[in-house]
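Protein chains in written order, with the working numbering: chain B, 1 to 1000; chain A, 1 to 91.
Source of the hints: derived by calculation from the structure; they are not laboratory data. Computed from a predicted structure; not experimentally measured. By construction, the Cβ of each residue, glycine as well, lies at the ideal position given by its N, Cα and C atoms. One thing to keep in mind: the hints can contain errors.
Claimed, not checked - Coverage of chain B stretches by chain A, computed from C-beta distances (three or more under 8 Å per stretch; other residues unrestricted):
no.: 1; stretch: 601 to 612
no.: 2; stretch: 895 to 903
Unchecked claim - In silico contact screen, one side only, chain A against chain B (beta carbon under 7 Å); selected entries:
no.: 3; residue: 3
no.: 4; residue: 66
no.: 5; residue: 70
no.: 6; residue: 76
no.: 7; residue: 88
Claimed, not checked - Straight-line distance between alpha carbons at most 25 Å, and here's what the computed SDA-like set of lysine to any residue pairs gives:
no.: 8; chain 1: A; residue 1: 77; chain 2: B; residue 2: 154
no.: 9; chain 1: B; residue 1: 272; chain 2: B; residue 2: 154
no.: 10; chain 1: B; residue 1: 3; chain 2: B; residue 2: 13
no.: 11; chain 1: A; residue 1: 83; chain 2: B; residue 2: 44
no.: 12; chain 1: B; residue 1: 894; chain 2: A; residue 2: 39
no.: 13; chain 1: A; residue 1: 47; chain 2: B; residue 2: 745
no.: 14; chain 1: B; residue 1: 520; chain 2: B; residue 2: 574
no.: 15; chain 1: B; residue 1: 827; chain 2: B; residue 2: 622
no.: 16; chain 1: B; residue 1: 282; chain 2: A; residue 2: 76
no.: 17; chain 1: B; residue 1: 453; chain 2: A; residue 2: 80
no.: 18; chain 1: B; residue 1: 16; chain 2: B; residue 2: 44
no.: 19; chain 1: A; residue 1: 29; chain 2: B; residue 2: 739
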Amino acid sequence: MTKYRISKTRFVDQTKTVSFTFDGKTYLGFEGDTLASALLSNGIHLVGRSFKYHRPRGIMSCGSEEPNAICQINNNTDLTEPNVRATEIELYEGLSASSQNCWPSLNFDIGGINNLISPFIPAGFYYKTFMWPKSFWKKIYEPLIRMSAGLGKSPTQPDPDIYDHKHEHCDVLVIGGGISGIISAKIAAKNNLKTILIEDKNILGGSTIYQNNKNFIIDNKKSNEWLMDEISELEKLDNLTIKTRTSLAAFHSYNYLLAKENVSDHLPLNKKNGSIRQRLWKIRADKVIVAAGAIERPLVFNNNDRPGIILSNSVKKYLDFYGVSSGLNNIIFTNNDSAYETAVSLFEKGISVKIVDIRKKSSSIIVKNAEELGIKIYWNSTVVNTFGYKKIKSIEIMNLSEDGSNVTGDKKKIQCDCLAISGGWTPMVHMHTQSGGKLDFREIDQVFVPSEKSENHINVGSCYGDFELEEIVKNTNNKVKKFLNINEDSFDKISVLCSKETEKKNIWLLPNIISENKTKSFIDFQNDSTAKDIKLALREGFKSIEHVKRYTTTGMATDQGKLSNMHALGIIADTAGVKMGTLGTTTFRPPFTPLTFGAIVGRSVGKFFDVERKTSIHEWHIQKDAKFENVGQWKRPWYYPINNENLHEAVQRESKAARNSAGILDASTLGKIDIQGSDASEFLNRVYTNAWSKLGIGKCRYGLMLNEDGMVYDDGVTTRLGENHYLMTTTTGGAANVLSKLEDYLQTEWPELDVYLTSVTDHYSTASICGPNSKEILKKLFPNKNFSDEAFPHMSYQDAIIDKIECRIMRISFTGELSYEINIESKYGKSLWENCIKAGEEYKITPYGTETMHLLRAEKGFIIVGQDTDGTMTPIDLQMDWIVSKKKYDFIGKRSLYRSDTIREDRKQLVGLLTDDPNEVLEEGAQIVSELDKKPIEMIGHVTSSYFSPNLNKSIALAVVKGGKKMKGQKLFVPMENKNINVTVSDFIFLDKENKRINA
Amino acid sequence: MFIINCPYCGERDQSEFSCGGEAHIVRPKQPTELSDDEWAEYLFMRKNIKGVQFERWNHAHGCRKWFNMVRDTSNDKIHAVYKMGEKPPVI
């Protein structure tokens, strides 16, 4: 045993030594230790530097509220993780931890200079200082701030661990495995309710499990013994699932909760064996009982942040649970009775302890107990200063004035190596408020307690504001019985004896003789905000707690202000002279403690991140070394490089081949909706801008779909297959949304229409063959068919058979070439494709990808919805007036086409652009201006599509320009970083305006 | 995360549904006869109440049916669900 490991406990196995490193040095601890308890057992308090002033900081607590002891673990490995609380890491063999926020080392940190210049860096320092001169920002201020910002180092490698998600349903969920949680879970499970009990520590029992004080008795046993027996009974219950190492992350409405289970974080690296690291439980509970407990409050006084200043109950836990004494010469500084339990525990183990109490007296059992033992108590006193840079060495105390607002008398200096502080308790109301619950302020001990209105969740124990053992046990029993409609249970006749607090006193900011400007009384230890920062914010005019919080950054660190929020509120209330209960609290948002990204995403990483949709021809594309592009969830061939061609070279070759002989495109990804019903024609009339009633059976028509606001939403060709039967195609990315939109109108606006919609996108594969030789290829594929223009004109469809399989041939074109699309059931897609390739061999049929498709259609001036439009373009803006029916009484978006805004003539309109230098290709997205000298320079439009056209042997672009319709021939400029490109507005149809090729 | 009682399928998790905004805004039968202001009223104006609100919901990852729901936006309590075309309940 070390000097500080002073006793054996049942929770730490002192026969099993564990070695670990901290800042490169090797130490020993035991199985059952946390990193924090093991460090303390080695006499180490200094574990980090504070965020702003780089002051030395020590372990302050024993749980999730820890603000100081946050470490980087497994540094320089791909498992490294920053900002892990040493108080929560279970010690394992080989654990390597290091301190954060210090350079070059924890013991000598250059940033410590910030502490000396701290009078010059008050709240809002960054906002106020780095304003001028402007030129300093990029080169000096930003790099400086970036260097000092943030805590810890993020991993540079992908996370190698596996994370999991799991759904769970239960009748009763109990959050927290302390005494009230255990009572609740037992009552629920014994009454045939499927119950889950979650506890964030590795064992149940909360703070009662190490409560060995003789003044706390349940059914004639010490409370810890009694609880131990209860737990062993609990473990036998069939209806109960106990999940330890599981912390509640979020409590959403309708009793939907997220809890994170640490599955293998506590195991040595060589024993994890690829097991799941963390699991996120998604729990839907009929009833929720919150038994989250309370967190001890610090006291706010000058230099209250030195290593060796620890919360009083944490000192007790380190002592009675881990067998570690935080100091050998302790002083307890308190405003309440609970700290006396710590004093008695220390004294009984033969460790020196004195008490400083801001109250004038207290006559409770536990205080009497301490007095009888002969523990020295300084009543009506407060600590005014502490000494010791890297570890506390001594304190100065003074008497309080009658009303507690000032100090009187002489300073008295007392030596110590540990100062245990207790400012009372704060109920953990986070879960309650996350679920939508409100809070009430309890004046007598200055706490916010849950105001319960929900029928489906209650709070029990100290998170409800019950702090004394007797009220915890009895109130929990009564409340749970009522909540679950149970008449009687085994706790009804329980007897509880405990010490009861009689005197209460709270001072949020303890008085001092030193002027406030010269003190550092920390409120938020992790973000280094002090009482005077809060007061400064108030003086500067901030009133709302939400604003003060953001300005001073109080409560905004990784601990989310678990220790600091109440003090900030209290000091604001005192300074502003208002009642604390009227201020409200800041919002407690999930998660309660930080979650790893791994736990949040679970298995949805890598190839499971999103669905990948592939056409039935996909394998063929892979064999031809196609490069793919993502279009929505689809993988579409982008281009097919031959002999190491780059994108540009491949696209030039592919698009020439498509215009000069024949090209083939996998068009299977286009959205396809089967429309049937006696009102199908009327339905299309209402959803497209053009008229459909007179479209003959066997004919195809291009349609433009608007939103009700008149903006272009989608487009595609629809084919009339029969009297009451159409096949609509949509853009690849828009398919699902179009179907949803159409369903919406059908179900909600026009339920009288007899129309049925079915998505058939995946049912058919499509090979699109274009080029002057496409007709010859089709003739070879379908020798019995007549492909003459009379028998099979442009914009028509025919049924056909290939290899005994039925298919549909549409003569439609998105390239401006003579073009046929063959639709076949998906399972025959690849064989159809291969037939086409074979038949096209003699014409050097060339597969082309989406990039060539985009180029070909741009030459022809066909738009792509989503590339040339952005949700602000009407058909009129696109110069597509021809497709907007004047005769139809109504269609979706019609009325919006003549709103005052949509008829403006200076709207952005689609135009073509030609660069003065035909080899200069514009960048898509580039801004367009008409005057270069004007300041500020006015942007009148932007480039939407731009290519080098091999068929025209020049650069072409589509763009939207304000008032562009009337600007044909006008010179404009595209300013780029290093030059201005001269362009001329042109027609947006660059090739074959007369449609000779399509009708060839 | 609500539990929504789809009028066609029964209780399901909220993640199966999508919300379509305020309910009972009927598309005008004769849009061409409306002034710009009247059309804008239909097109853009929504109440967005803090309190009891009538909403359209779609069981998007289920039966794909649209229906109406009465929800208190201040506490997410769902007062009623009813099919499209049915009369809204009095809350």
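Results of checking the hints against the structure:
no.	hint	verdict
1	601 to 612	violated (count 0)
2	895 to 903	holds (count 4)
3	3	holds, 5 Å
4	66	holds, 5 Å
5	70	violated, 16 Å
6	76	holds, 5 Å
7	88	violated, 14 Å
8	A/77 x B/154	violated, 41 Å
9	B/272 x B/154	holds, 22 Å
10	B/3 x B/13	holds, 17 Å
11	A/83 x B/44	violated, 67 Å
12	B/894 x A/39	holds, 11 Å
13	A/47 x B/745	holds, 21 Å
14	B/520 x B/574	holds, 18 Å
15	B/827 x B/622	holds, 18 Å
16	B/282 x A/76	holds, 20 Å
17	B/453 x A/80	holds, 20 Å
18	B/16 x B/44	holds, 21 Å
19	A/29 x B/739	holds, 23 Å
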